[in-house]
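Chains H and W, in that order, are what the protein sequence lines are.
This note's numbering applies: residue 292 is where the first sequence begins, and numbers increase by one.
This note's numbering applies: residue 292 is where the second sequence begins, and numbers increase by one.
Misleading hints may appear alongside valid ones.
For chains that are exact copies, the list does not tell them apart, and a pair is met inside one copy or across any two.
Result set (BS3-like, lysine-lysine): computed pairs, CA atoms no more than 30 Å apart in a straight line [as the list claims (entries may be wrong)]:
id, residue 1, residue 2
1, LYS570, LYS654
2, LYS623, LYS661
3, LYS560, LYS732
4, LYS712, LYS560
5, LYS661, LYS511
6, LYS348, LYS373
7, LYS735, LYS692
8, LYS377, LYS560
9, LYS638, LYS570
10, LYS688, LYS584
11, LYS377, LYS584
12, LYS623, LYS384
13, LYS638, LYS377
14, LYS688, LYS641
15, LYS688, LYS348
16, LYS560, LYS327
17, LYS623, LYS560
18, LYS560, LYS638
19, LYS384, LYS373
20, LYS692, LYS348
21, LYS377, LYS692
Note that these hints are calculated values from the structure, not bench results.
There are 2 protein chains.
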Amino acid sequence: MSKNINRKEFLKKTTALGLGAAIYPRFKSNIKDKDKVRIGFIGTGLRGQWLLDLASKRDDVLIPAICDIDNQMIERTLKILKRNNKDTPEIYKNGDEDFINLVNRDDIDAVIVATPWEWHHPMAVAAMKSGKHVGLEVPAAITVEECWDLVNVSEQTSMECMILENVCYYRPAMALLNMVREGAFGELLHCQCGYQHDLREVKFNDGKQAYGGGVEFGEKGFSESEWRTQHSIERNGDLYPTHGVGPISAMLNINRGNKFEYLTSTATKSRGLHNYILKHGGEAHPNSNIDFKLGDIVTTVIKCYNGETIVVSHDTNNPRPYSLNFRVQGTKGIWMGDNYSIYLEDKSPKPHEWEPFDGYLQKYDHSLWKDFENDADGAGHGGIDFFIMRAFIESIKRGVKPPLDVYDAVSMSVISPLSEKSIANGSSSIEFPDFTRGAWKNNKPIFGVSDL
Amino acid sequence: MSKNINRKEFLKKTTALGLGAAIYPRFKSNIKDKDKVRIGFIGTGLRGQWLLDLASKRDDVLIPAICDIDNQMIERTLKILKRNNKDTPEIYKNGDEDFINLVNRDDIDAVIVATPWEWHHPMAVAAMKSGKHVGLEVPAAITVEECWDLVNVSEQTSMECMILENVCYYRPAMALLNMVREGAFGELLHCQCGYQHDLREVKFNDGKQAYGGGVEFGEKGFSESEWRTQHSIERNGDLYPTHGVGPISAMLNINRGNKFEYLTSTATKSRGLHNYILKHGGEAHPNSNIDFKLGDIVTTVIKCYNGETIVVSHDTNNPRPYSLNFRVQGTKGIWMGDNYSIYLEDKSPKPHEWEPFDGYLQKYDHSLWKDFENDADGAGHGGIDFFIMRAFIESIKRGVKPPLDVYDAVSMSVISPLSEKSIANGSSSIEFPDFTRGAWKNNKPIFGVSDL
Numbered sequence: 292m293s294k295n296i297n298r299k300e301f302l303k304k305t306t307a308l309g310l311g312a313a314i315y316p317r318f319k320s321n322i323k324d325k326d327k328v329r330i331g332f333i334g335t336g337l338r339g340q341w342l343l344d345l346a347s348k349r350d351d352v353l354i355p356a357i358c359d360i361d362n363q364m365i366e367r368t369l370k371i372l373k374r375n376n377k378d379t380p381e382i383y384k385n386g387d388e389d390f391i392n393l394v395n396r397d398d399i400d401a402v403i404v405a406t407p408w409e410w411h412h413p414m415a416v417a418a419m420k421s422g423k424h425v426g427l428e429v430p431a432a433i434t435v436e437e438c439w440d441l442v443n444v445s446e447q448t449s450m451e452c453m454i455l456e457n458v459c460y461y462r463p464a465m466a467l468l469n470m471v472r473e474g475a476f477g478e479l480l481h482c483q484c485g486y487q488h489d490l491r492e493v494k495f496n497d498g499k500q501a502y503g504g505g506v507e508f509g510e511k512g513f514s515e516s517e518w519r520t521q522h523s524i525e526r527n528g529d530l531y532p533t534h535g536v537g538p539i540s541a542m543l544n545i546n547r548g549n550k551f552e553y554l555t556s557t558a559t560k561s562r563g564l565h566n567y568i569l570k571h572g573g574e575a576h577p578n579s580n581i582d583f584k585l586g587d588i589v590t591t592v593i594k595c596y597n598g599e600t601i602v603v604s605h606d607t608n609n610p611r612p613y614s615l616n617f618r619v620q621g622t623k624g625i626w627m628g629d630n631y632s633i634y635l636e637d638k639s640p641k642p643h644e645w646e647p648f649d650g651y652l653q654k655y656d657h658s659l660w661k662d663f664e665n666d667a668d669g670a671g672h673g674g675i676d677f678f679i680m681r682a683f684i685e686s687i688k689r690g691v692k693p694p695l696d697v698y699d700a701v702s703m704s705v706i707s708p709l710s711e712k713s714i715a716n717g718s719s720s721i722e723f724p725d726f727t728r729g730a731w732k733n734n735k736p737i738f739g740v741s742d743l
Numbered sequence: 292m293s294k295n296i297n298r299k300e301f302l303k304k305t306t307a308l309g310l311g312a313a314i315y316p317r318f319k320s321n322i323k324d325k326d327k328v329r330i331g332f333i334g335t336g337l338r339g340q341w342l343l344d345l346a347s348k349r350d351d352v353l354i355p356a357i358c359d360i361d362n363q364m365i366e367r368t369l370k371i372l373k374r375n376n377k378d379t380p381e382i383y384k385n386g387d388e389d390f391i392n393l394v395n396r397d398d399i400d401a402v403i404v405a406t407p408w409e410w411h412h413p414m415a416v417a418a419m420k421s422g423k424h425v426g427l428e429v430p431a432a433i434t435v436e437e438c439w440d441l442v443n444v445s446e447q448t449s450m451e452c453m454i455l456e457n458v459c460y461y462r463p464a465m466a467l468l469n470m471v472r473e474g475a476f477g478e479l480l481h482c483q484c485g486y487q488h489d490l491r492e493v494k495f496n497d498g499k500q501a502y503g504g505g506v507e508f509g510e511k512g513f514s515e516s517e518w519r520t521q522h523s524i525e526r527n528g529d530l531y532p533t534h535g536v537g538p539i540s541a542m543l544n545i546n547r548g549n550k551f552e553y554l555t556s557t558a559t560k561s562r563g564l565h566n567y568i569l570k571h572g573g574e575a576h577p578n579s580n581i582d583f584k585l586g587d588i589v590t591t592v593i594k595c596y597n598g599e600t601i602v603v604s605h606d607t608n609n610p611r612p613y614s615l616n617f618r619v620q621g622t623k624g625i626w627m628g629d630n631y632s633i634y635l636e637d638k639s640p641k642p643h644e645w646e647p648f649d650g651y652l653q654k655y656d657h658s659l660w661k662d663f664e665n666d667a668d669g670a671g672h673g674g675i676d677f678f679i680m681r682a683f684i685e686s687i688k689r690g691v692k693p694p695l696d697v698y699d700a701v702s703m704s705v706i707s708p709l710s711e712k713s714i715a716n717g718s719s720s721i722e723f724p725d726f727t728r729g730a731w732k733n734n735k736p737i738f739g740v741s742d743l
């Protein structure tokens with residue numbers, strides 16, 4: 292779904308069409324004995340193509356169907372499939388609702404959804420209700436109600452909704468997860484993370500290239516700018532928390548012995564996007580009149596049930612080096628991403644002084660990375676996309692729970708609407724829903740534990 | 292005041308003694324034509340001795356009187372004065388109230404207060420009411436009411452209450468202040484700062500040495516541990532915000548065209564101090580039963596009137612390298628302390644990549660540092676103590692406003708009680724009082740502007 296389509300319009304239509312639970316057969320696909328997983332791809336924009344390329348390189352994946360409404364993107368996708376020696380898939384491109392026909396096929400086991408954010412929830416729900424497991428791009432949903440809906444439908448249909456949060460597989464983060472679990476940091480106290488990425492050339496382009504070259508977006512834009520930029524106009528909150536919170540959630544056992552309790556969010560004024568339009572489009576450009584609601588830097592502080600705190604930063608509208616703002620701190624030491632250094636009491640060579648992290652990365656390298664380093668090479672974002680795709684496919688093949696489940700999907704994603712609410716109320720403290728309905732008390736960690 | 296004396300007790304007594312405004316003559320000392328400033332020192336612990344050493348090295352300073360209740364500290368102080376060829380001062384050591392007799396002398400122009408935090412407010416108030424200017428160690432006060440009191444008394448008596456916030460003179464911070472004022476960062480959006488300093492060997496010692504060697508504090512401790520540790524038992528909040536917020540306040544023109552609007556604070560659980568006692572004193576040590584209220588890491592987020600945000604970190608109870616957590620970010624670029632790097636759009640050599648800060652420090656070095664580099668050498672904390680002492684003394688000699696005034700003192704210090712209130716109320720959003728009563732709208736920046 293590369294176009295910025297009107298989802299409210301769609302929801303009205305689908306309600307009119309009676310696309311409720313009734314018309315989706317609630318069967319559970321069982322492919323334990325099969326050698327191949329059959330995946331339908333909804334959304335074949337640049338991210339969808341990338342994921343599809345990774346999937347279609349695998350011998351154990353069939354791709355019977357794809358769906359998008361952008362012909363150019365479909366053409367590119369077909370070339371990728373051909374290059375990877377896959378059969379030509381059936382194509383669903385007949386408007387906003389055609390994905391329903393894809394998810395209703397009986398020759399697919401799962402779908403991967405890589406569409407604009409506002410479509411993640413309805414597509415995942417439709418797929419699960421049709422008995423398909425879902426691999427869902429981040430964020431899983433953009434409202435609290437949508438989050439609950441994903442949980443309810445996953446529970447009702449017994450279909451998995453795995454969030455494709457690739458940064459969980461970031462090599463240093465997995466080494467740190469090993470260290471945390473081995474107690475190297477003692478008892479965890481405080482973590483930091485975030486999405487600090489100058490996205491101005493993602494949010495604006497010339498309508499032809501994906502990144503920069505102009506100040507267009509929406510109907511005149513291309514690729515992500517067609518839909519992503521609109522969120523910066525309409526919403527003020529942490530719009531993109533999962534890349535930071537994903538790895539930290541695993542370290543803090545969120546939903547598995549721990550949970551997010553409440554958060555506060557505080558936003559700066561909004562300057563960066565307007566400034567970019569002025570600089571590259573001039574005052575006369577019609578976009579120079581747009582009022583962006585998104586504060587340039589949004590700081591969220593989360594308190595966890597077990598007493599830890601997390602600072603989450605969202606910072607996408609101004610010049611800055613890329614950083615996921617990582618920090619992991621416990622009673623025995625601290626690691627920081629920005630200086631890529633660590634300090635462990637009684638272990639680091641000099642008291643009160645940082646030492647380089649490299650030696651620890653080697654020592655605590657996660658077994659997944661040791662085993663699949665060569666496969667991951669070149670798979671995108673430093674190899675992490677290989678692991679997230681492998682985990683999704685293998686969990687379906689084996690009929691086991693994926694390492695990131697629907698509760699992870701929503702506990703990470705719900706930060707966005709909660710932070711919007713906090714900011715709208717003068718940084719008031721907002722409680723997290725307990726999507727596990729108490730099961731977090733007994734759930735055991737899954738991410739990084741198995742070989743997925 | 293090196294002993295952990297009971298301030299509530301004192302307040303009761305002073306009320307009984309009738310130490311109200313009436314007994315303090317409200318004159319304004321006028322020493323514009325004098326060559327020398329006469330300073331009384333209240334508090335001659337290790338910090339007081341250090342400040343007194345700096346002051347007594349100056350030819351333009353006389354020290355007619357000192358006050359403490361610890362004989363050992365007084366003896367050390369007398370040696371310092373002798374070494375610096377100053378006359379032997381009159382000594383006030385006759386109990387908690389003897390400082391009143393010091394401030395009532397008619398041969399001193401100002402006092403410097405370097406006592407336990409809980410004594411800063413009553414001593415500063417007494418001194419101003421006796422017509423003495425005050426150089427006050429940080430924090431200036433520990434409750435909202437005390438902050439108002441300092442403002443009211445300073446306004447009523449026309450006496451200055453300068454906060455001795457030395458980190459304002461940190462060389463990179465002053466260079467950054469120059470850069471901010473020249474527009475190098477564009478419009479400021481977001482800053483970070485804090486006090487991240489493993490103080491476990493300050494909060495605990497063996498009662499003989501100032502730092503470490505045991506797990507004693509209070510009556511059995513020595514130096515800061517005698518009184519500072521008690522705050523970690525009784526209070527949960529950012530206990531020590533001024534070192535971080537001082538320099539950032541100058542950059543953001545706080546009280547001078549801008550102001551703090553509201554804050555939220557979130558604290559982790561408390562582990563570090565208890566762990567330290569267990570590790571170094573054993574489970575049988577009586578201090579192992581103490582319940583420390585202070586969360587190990589306290590994160591405060593401040594929203595400013597002009598739309599900027601500030602993250603303030605307080606992190607003093609666990610192993611970590613020292614860091615003031617500095618970050619300065621605007622529409623044109625960002626500086627970070629932890630990697631000591633900067634990125635400025637269209638200026639840094641590579642897009643999206645940090646470059647070292649050193650060249651900028653040279654280019655934007657503040658004129659104060661250029662002029663007084665040699666004098667500052669060895670003056671403590673990298674030279675910054677020289678500047679804060681010089682500013683206090685010179686402002687009195689010249690009869691001009693000090694570069695950090697009573698409004699700075701309280702706007703920085705009030706973060707502590709407000710953060711305590713926020714934490715006690717589940718991280719609720721707490722408004723700042725406007726101590727300037729609206730004058731912030733028209734006040735002009737003073738710090739780093741003059742040659743003080």
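Tested hints:
1. LYS570 with LYS654: So LYS570 and LYS654 pass the 30 Å test across copies only (27 Å; inside, 48 Å).
2. LYS623 with LYS661: within (27 Å within a copy, 41 Å between copies)
3. LYS560 with LYS732: between (39 Å within a copy, 19 Å between copies)
4. LYS712 with LYS560: Both ways: LYS712 and LYS560 sit 16 Å apart in one copy and 26 Å across, limit 30 Å.
5. LYS661 with LYS511: neither (45 Å within a copy, 53 Å between copies)
6. LYS348 with LYS373: Cα proximity of LYS348 and LYS373: one copy only (11 Å, versus 83 Å across).
7. LYS735 with LYS692: within (12 Å within a copy, 62 Å between copies)
8. LYS377 with LYS560: neither (49 Å within a copy, 54 Å between copies)
9. LYS638 with LYS570: Between copies only: 16 Å across chains, 50 Å inside a chain, cut-off 30 Å.
10. LYS688 with LYS584: neither (44 Å within a copy, 51 Å between copies)
11. LYS377 with LYS584: neither (44 Å within a copy, 63 Å between copies)
12. LYS623 with LYS384: neither (55 Å within a copy, 42 Å between copies)
13. LYS638 with LYS377: The answer is neither: 52 Å in one copy and 48 Å across copies each exceed 30 Å.
14. LYS688 with LYS641: Cα proximity of LYS688 and LYS641: none, with 49 Å in one copy and 45 Å across.
15. LYS688 with LYS348: Answer is within: at 16 Å inside a copy they meet the 30 Å cutoff, but 79 Å across does not.
16. LYS560 with LYS327: neither (51 Å within a copy, 48 Å between copies)
17. LYS623 with LYS560: between (38 Å within a copy, 15 Å between copies)
18. LYS560 with LYS638: between (43 Å within a copy, 24 Å between copies)
19. LYS384 with LYS373: Classified as within: same-chain Cα gap 19 Å, cross-chain 91 Å, threshold 30 Å.
20. LYS692 with LYS348: This pair counts as within: shortest intra-copy Cα distance 23 Å, inter-copy 72 Å.
21. LYS377 with LYS692: within (27 Å within a copy, 78 Å between copies)
In the structure shown, a violation is registered for the earlier hints numbered 5, 8, 10, 11, 12, 13, 14, 16, in ascending order.
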